[in-house]
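Asks: Protein chains in written order, with our numbering: chain A, 1 to 342; chain B, 1001 to 1342.
Everything labelled a hint here was simulated from the structure, so no lab data went into it. Remember, predicted model here, so these are calculated numbers, not experimental data. A portion of the hints provided could be inaccurate.
[To be verified] Anything over 12 angstroms on all C-beta distances counts as not near chain A; from chain B, calculated:
(1) 1011
(2) 1061
(3) 1102
(4) 1198
(5) 1277
(6) 1278
[What the hints assert, rightly or not] Chain B stretches covered by chain A per the calculated footprint, using a threshold of three residues with CB under 8 angstroms from any CB of chain A:
(7) 1043–1056
(8) 1132–1138
[What the hints assert, rightly or not] Computed Cβ-Cβ distance ranges for the label pairs, DEER-style:
(9) 59(A) to 1154(B): 37 to 45 angstroms
(10) 1212(B) to 182(A): 45 to 53 angstroms
(11) 1060(B) to 190(A): 57 to 65 angstroms
(12) 210(A) to 1287(B): 27 to 35 angstroms
(13) 195(A) to 1237(B): 50 to 58 angstroms
(14) 65(A) to 1243(B): 27 to 35 angstroms
(15) 1042(B) to 54(A): 26 to 34 angstroms
(16) 291(A) to 1017(B): 32 to 40 angstroms
(17) 1212(B) to 40(A): 31 to 39 angstroms
Positions of the beta carbon are idealized from the N, C-alpha and C atoms, including for glycine.
Protein chains: 2
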Amino acid sequence: MIIDNYSNINQIIAENSYSSVFLLLDTNTDNHCLDLFIKKSGITDFKKVVVKDGEESKSIDTCEYVWEYLNSNNGDRKSLLINIGGGVVTDLGGFIASTYLRGIDFINVPTTVLCMVDAAFGGKTGINFKSIKNQIGVINKPKGVLIDIDYLETLSKEEYINGFAEIYKHSLITDNVELQFKNLIKFDFREDINEIIHKYSSIKNKVVELDLYESNHRKVLNLGHTIGHAVESYSIISKNMNKLKHGEAIAIGLITELYISHKIHGFDHNEIISIKEELFRHFNKVKFKDIDQKEILKIMSYDKKNYDNAVKYVLLKSIGNPVIDQEVDNELFFKAFEFYND
Amino acid sequence: MIIDNYSNINQIIAENSYSSVFLLLDTNTDNHCLDLFIKKSGITDFKKVVVKDGEESKSIDTCEYVWEYLNSNNGDRKSLLINIGGGVVTDLGGFIASTYLRGIDFINVPTTVLCMVDAAFGGKTGINFKSIKNQIGVINKPKGVLIDIDYLETLSKEEYINGFAEIYKHSLITDNVELQFKNLIKFDFREDINEIIHKYSSIKNKVVELDLYESNHRKVLNLGHTIGHAVESYSIISKNMNKLKHGEAIAIGLITELYISHKIHGFDHNEIISIKEELFRHFNKVKFKDIDQKEILKIMSYDKKNYDNAVKYVLLKSIGNPVIDQEVDNELFFKAFEFYND
């Protein structure tokens, strides 16, 4: 599924005799990545559709705009959509392709660290609805994911770092000792980025292959996300705090959920301290007031990973040893934020 | 996949321990079918959401309305959606369920002949977009389809007959001689309806099992639909003619496409005459002017079954002997309408 060089992407296009190739970009990747893609792929016979960059584009309105573009430009069932961008573009484009004419093929070309190790893989596509992230979507794997770290060169430092929370998460859930947290932090995050991305995206790929539809094992990937997603949603709608990036929110989710793991499953406390310190090297600390925490708890009850009207967590007994479907008392939730704020 | 009695539907619900059961109905089935469903199933613990009856409900707006209803009523990933209605409700509800939280389970309870032999099966879900039928959708099979002909009792004669075009189509593509056209017309369409529905829906089921994603063989089900769908779309937007029901449009599609089959593949002319006569026993003849035909041709170029920017037909060499991916000259298209009008 990983496409490691541009001749492979051209081969896929030739073998499937697509009737037309559409590129989906956002205003950012249109400016910074399109030329590189054309130069390296040699693909010139395409139509491009550009959406505004940012999370707001993961909306029904944007879907309608792109579907209409496909309609007006002879899109048909044998069209291919290539999504060039971060998670917003691959989530959105994956959903648009999966629902256009009951599904056309799509290829993801992730241009951020976050997308290269997470969103571009795994077939989760979707848009936000009524302020809830990924409320509407389908699971449908891309035809391929082209990994090329040259796209990272134009990233801001903030956007670069944004991907590292998921890499830390992968290092916490994997049972492959070589890739666990203690060894991850030995890497140089700039110099070794190619190796990091290939190694840590493979952790996700392996999990997804075992359980595409998240009936069970795939849930381990949600470590840090039960609280993290709600924090992210809250930061968008709340006037109390600035909008957080996904990585910042997941870092908060990891720290709080590891604390809960310590309290329920005896996850080693010293290890939490090192992980917290490591995360704070990259991600700013956010101040959560009582009222913020209560609102976040409310949002969690809407989160799609929950069912039976109970919020379910992934917790860790130890690194590489996750347990899914855990319920947590509200009291412990608030204590975890105390630990985070501390 | 066919659920033949209500204890089976209850068994499915019990076995999957759904967190909640939602019923999707339209104003029609809410009035005429809900009581019967409750009485026969014994299901009382549900939340119902009702949409306006009619094709206009197959829209993004209606999806948003129902998604929002699910949100506000504790819908979660373990919710079940039961779609009670005709093709509009099962197509719409199937799409809503398939995209809500990246997919929740759904069961179809078809209440029309058309839906019982066609739409409820096969996993094609979808909505209309920019006046083009089923432009947006996914392929995703229902958890089950409950067949109960008691729902047909409140149908108008027109709506009852609406399903027969698809049954005729099934009788033309099947290689099971016992179910072919000559034997179908021996049935009494009122008395034998239960037998007809079970036998002819099984033709579709068999085809779908072989090729769910319509890469190849499933295309045979599109006999009569290349022209038929375009006629149906045209009747909705045109001021020249009344809105046609799906069955009426498919009857027109069958007659014209059989004529083309005769011209290209030597399909027996006498057989076309008998089929045309049989269809005109149920479906009124529609008058198509030159301008109508030209507009229909235009719509066909948007039809999702087409690719390589060419319109592809299913044609018949003989009954039970379909050929897919056929291209047809415009001249022959217009001649087929001459034959129809004749």
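Asks: Look at each hint and say if it fits the structure.
Replies: Going down the list of hints, with the structure as the test:
Consistency note on residue 1011(B): stated as away from chain A, and its beta-carbon is indeed over 12 angstroms from all of that chain's, at 20 angstroms minimum. For residue 1061(B), the shortest C-beta to C-beta distance to chain A comes to about 10 angstroms, within the 12 angstroms cut-off, and the non-interface label is violated. The beta carbon of residue 1102(B) sits about 5 angstroms from the closest Cβ of chain A, which is not more than 12 angstroms, so the claim that it is off the interface is violated. At roughly 27 angstroms, the least C-beta separation between residue 1198(B) and chain A is larger than 12 angstroms, which holds for a residue marked as non-interface.
Once the 12 angstroms rule is applied to beta carbons, residue 1277(B) is consistent with being away from chain A; the minimum gap is 35 angstroms. Consistency note on residue 1278(B): stated as away from chain A, and its beta-carbon is indeed over 12 angstroms from all of that chain's, at 32 angstroms minimum. Here the segment 1043–1056 of chain B counts 0 residues with a CB under 8 angstroms from a CB of chain A, which misses the bar of 3, and the coverage is violated. Coverage of a stretch by a chain is defined here by at least three residues with a beta carbon nearer than 8 angstroms to that chain's beta carbons; for the segment 1132–1138 of chain B and chain A the count is 6, and the condition holds.
The hinted range of 37 to 45 angstroms is satisfied by residue 59(A) and residue 1154(B), whose Cβ atoms lie roughly 40 angstroms apart. The hint said 45 to 53 angstroms for the Cβ distance between residue 1212(B) and residue 182(A), and at roughly 46 angstroms that hint holds. Between residue 1060(B) and residue 190(A) the beta carbons are some 44 angstroms apart, a value that contradicts the proposed interval 57 to 65 angstroms. Evaluation of the 27 to 35 angstroms hint for residue 210(A) and residue 1287(B) yields a failure: the beta carbon distance comes to about 60 angstroms.
Restraint check, residue 195(A) to residue 1237(B): a C-beta distance of roughly 57 angstroms satisfies the suggested window 50 to 58 angstroms. At about 28 angstroms, the beta-carbon gap between residue 65(A) and residue 1243(B) stays in the expected band of 27 to 35 angstroms. Roughly 50 angstroms separates the CB atoms of residue 1042(B) and residue 54(A), a value that falls outside the hinted 26 to 34 angstroms. Checked against the hint of 32 to 40 angstroms, the C-beta distance between residue 291(A) and residue 1017(B) comes to roughly 36 angstroms, which is consistent with it.
For residue 1212(B) and residue 40(A), the Cβ-Cβ distance of about 36 angstroms falls inside the hinted range of 31 to 39 angstroms, so the restraint holds.
Checked against the numbered hints listed earlier, the structure breaks hints 2, 3, 7, 11, 12, 15; every other hint is satisfied.
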